[in-house]
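Sequence lines, in order, name chains X and G. No gaps in the numbering here: position 50 of the first sequence is 485 in the numbering used here, and each next residue is one more. No gaps in the numbering here: position 91 of the second sequence is 201 in the numbering used here, and each next residue is one more.
No wet-lab data here; the hints were simulated from the structure. Keep in mind that a hint or two might mislead.
Said to hold, decoys possible - DSSO-like mimics (lysine-lysine), calculated; alpha carbons at most 30 angstroms apart, straight line: (1) X:Lys-492 <-> G:Lys-152; (2) X:Lys-444 <-> X:Lys-492; (3) G:Lys-152 <-> G:Lys-169; (4) X:Lys-444 <-> G:Lys-152; (5) X:Lys-492 <-> G:Lys-178; (6) X:Lys-492 <-> G:Lys-179; (7) G:Lys-189 <-> G:Lys-152.
Remember, it's a predicted structure, so these values are computed and weren't measured experimentally.
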Amino acid sequence: DSGVTQTPKHLITATGQRVTLRCSPRSGDLSVYWYQQSLDQGLQFLIQYYNGEERAKGNILERFSAQQFPDLHSELNLSSLELGDSALYFCASSVEGRYGQPQHFGDGTRLSIL
Amino acid sequence: EDQVTQSPEALRLQEGESSSLNCSYTVSGLRGLFWYRQDPGKGPEFLFTLYSAGEEKEKERLKATLTKKESFLHITAPKPEDSATYLCAVQARLGNQFYFGTGTSLTVIP
């Protein structure tokens with residue numbers, strides 16, 4: 436058990452809808468990362484937050500947004516969903532936002548768009 | 111363009127048969143190279159971080175090494191419980207972004 440909690444584990448919705456994925460980092464970790472994992476592309480880095488502030492941004496679509504709250508949990512919001520957004524979404528956390536910190540991953544949210 | 115390439119895509123070994131997994135990378139300044147293990151239905155599990163060429167780290171039957179262009183994950187006398195997908199990732203200086211390879215799926219046969 437990595438200590439990172441993601442909810443829900445599974446989510447099924449339709450095209451055009453909006454969903455929110457939630458992540459609670461390990462106790463004491465200040466930095467949160469979001470990733471998308473699809474069969475054909477592997478893990479794609481979306482965004483990183485450190486203590487509530489955006490630290491790094493990857494290939495995150497404009498339809499997607501994220502935030503980290505004062506209690507350090509994070510939410511990833513996906514809107515105007517398309518079939519291609521079906522994937523596993525992982526959250527990870529690290530102690531600090533310093534470079535090269537090992538990340539600890541949750542078990543993901545599987546999003547299926549019908 | 112920053113990228114990470116892992117080879118082979120899949121590897122089948124007999125128990126006790128040592129081998130190496132390769133991770134080649136091109137990145138605009140390396141902040142760190144990471145190895146993870148991922149079991150089916152689970153998130154990646156952190157194994158090692160390497161920061162500079164020449165660095166080596168070991169954990170049980172695994173040893174990771176780093177050069178300026180690639181990293182190797184050496185598996186010595188593997189056991190069936192080592193079966194998993196092994197992922198390599200780099201953090202780039204430019205934008206502090208992370209790039210993952212698509213992994214090597216390792217199967218160790220008893």
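Outcome of the hint check:
The suggested pairing of Lys-492 of chain X with Lys-152 of chain G holds, with an alpha-carbon distance near 24 angstroms, which does not exceed 30 angstroms. A hinted pair counts as satisfied when its Cα atoms are at most 30 angstroms apart, and Lys-444 of chain X with Lys-492 of chain X qualifies at roughly 24 angstroms. For the given pair, Lys-152 of chain G sits about 21 angstroms from Lys-169 of chain G by alpha-carbon distance, which is consistent with the 30 angstroms threshold. Between Lys-444 of chain X and Lys-152 of chain G the alpha-carbon distance is near 11 angstroms, which keeps this suggested pair within the 30 angstroms criterion.
At most 30 angstroms may separate the alpha-carbon atoms for a hinted pair to count; Lys-492 of chain X and Lys-178 of chain G meet this at roughly 25 angstroms. For the suggested pair Lys-492 of chain X and Lys-179 of chain G, the alpha carbons sit about 24 angstroms apart, so the restraint of at most 30 angstroms is met. Taken as a hint, the Lys-189 of chain G and Lys-152 of chain G pair is honoured in the structure, with Cα atoms around 20 angstroms apart against an allowance of 30 angstroms.
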